[in-house]
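So the sequences go chain by chain: A and B. Count the first sequence with this note's numbering and you get residues 996 to 1057, in order. Count the second sequence with this note's numbering and you get residues 167 to 369, in order.
It is worth saying that the hints were derived from the structure and are not from the lab. We put the CB at the ideal spot given by N, CA and C, even for glycine. It cannot be assumed that every hint is accurate.
[What the hints assert, rightly or not] The calculated SDA-like cross-link candidates involving lysine to any residue, where the alpha carbons are at most 20 Å apart (straight line), are: (1) Lys186(B) <-> Glu282(B); (2) Lys328(B) <-> Arg1003(A); (3) Lys1013(A) <-> Glu206(B); (4) Lys1013(A) <-> Glu286(B); (5) Lys1013(A) <-> Asp220(B); (6) Lys1013(A) <-> Leu171(B); (7) Lys1013(A) <-> Leu352(B).
[To be verified] If you want the ones that stay clear, here's a sample from chain B, every Cβ over 12 Å from chain A, calculated: (8) Ile179; (9) Ser185; (10) Val217; (11) Ala224; (12) Leu238; (13) Val276; (14) Gln299; (15) Pro309; (16) Leu347; (17) Ala348.
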Amino acid sequence: MLQAGFHRASLNAYTGFKSSPYTEGALFYGEKLVDLKAAAGIPTQVDQLEEPKAVECAPGSA
Amino acid sequence: MESNLTDQEAALIRESIRSKYSQVAATGALSCFQYPTGGEGLRQQQYPPDVIRDFPQALINSFCGVGNPFSLGPIYPGEAVLDIGSGAGLDALVAARLVGPGGRVAGLDVTAAMVEKARENAALLGLENVSFQVGEAEALPFPDNDFDVVISNGVLNLTLDKGQALREAHRVLKPGGRLQLADMVLVAALPPDKAGRMENWHQ
Chain A
996 MLQAGFHRAS LNAYTGFKSS PYTEGALFYG EKLVDLKAAA GIPTQVDQLE
1046 EPKAVECAPG SA
Chain B
167 MESNLTDQEA ALIRESIRSK YSQVAATGAL SCFQYPTGGE GLRQQQYPPD
217 VIRDFPQALI NSFCGVGNPF SLGPIYPGEA VLDIGSGAGL DALVAARLVG
267 PGGRVAGLDV TAAMVEKARE NAALLGLENV SFQVGEAEAL PFPDNDFDVV
317 ISNGVLNLTL DKGQALREAH RVLKPGGRLQ LADMVLVAAL PPDKAGRMEN
367 WHQ
């Protein structure tokens, strides 16, 4: 599951159902990661940020 | 996790699985498995009685799941759910009830006879938010990011390329989507005289 890309992948429990002395039912859970950047529009370190614009300061301004 | 089988061996296994589950479609699951099936299987796995109370007896009898994928987390109204290996439709129809008329459920199975049974069962229950089609877990016929939840019950162990099946499940899930899976796993090493036998694929 991890190799397929799932996050929080886990074997949660065995179900008690056995198809042979060697096999038993099990419950697995996994999630597909939320693309936080796409969801929130938050820039990341790999985004190309705009160059800061030069601001002229008038004499005497803060 | 990928298969080392020859094409001929893979074809034989696929055919034996289709043959077994065509038999289950015709007769029900009650004498086909070594673990509880039908109503007793549903009771032991604590399926919600209020959701399945009016399910047809033939549908109940068809249940051969190895666990309860719904026990892994809630399914919310309005969600889109995919059931990989939907059989006669029991889990997909449970999901259809849980997502309600604002949600949708797709069921996929390799056995055409099972897909027909599942469509009949959906019609008997008057559920219009669920559809069934023939297809394979390793090549899901759905677009990327299509489902909120993927469920499966006793099916992944029957796929020849489990890694590819899991990659496909991941592909069709929306970001944040959940995989809720019940399946058979090895809990002890097979003795040499039992390893590699064809019947291991569909016990």
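Does the structure break any of the earlier hints, and which numbers would those be? 4, 5, 6, 12, 16 and 17
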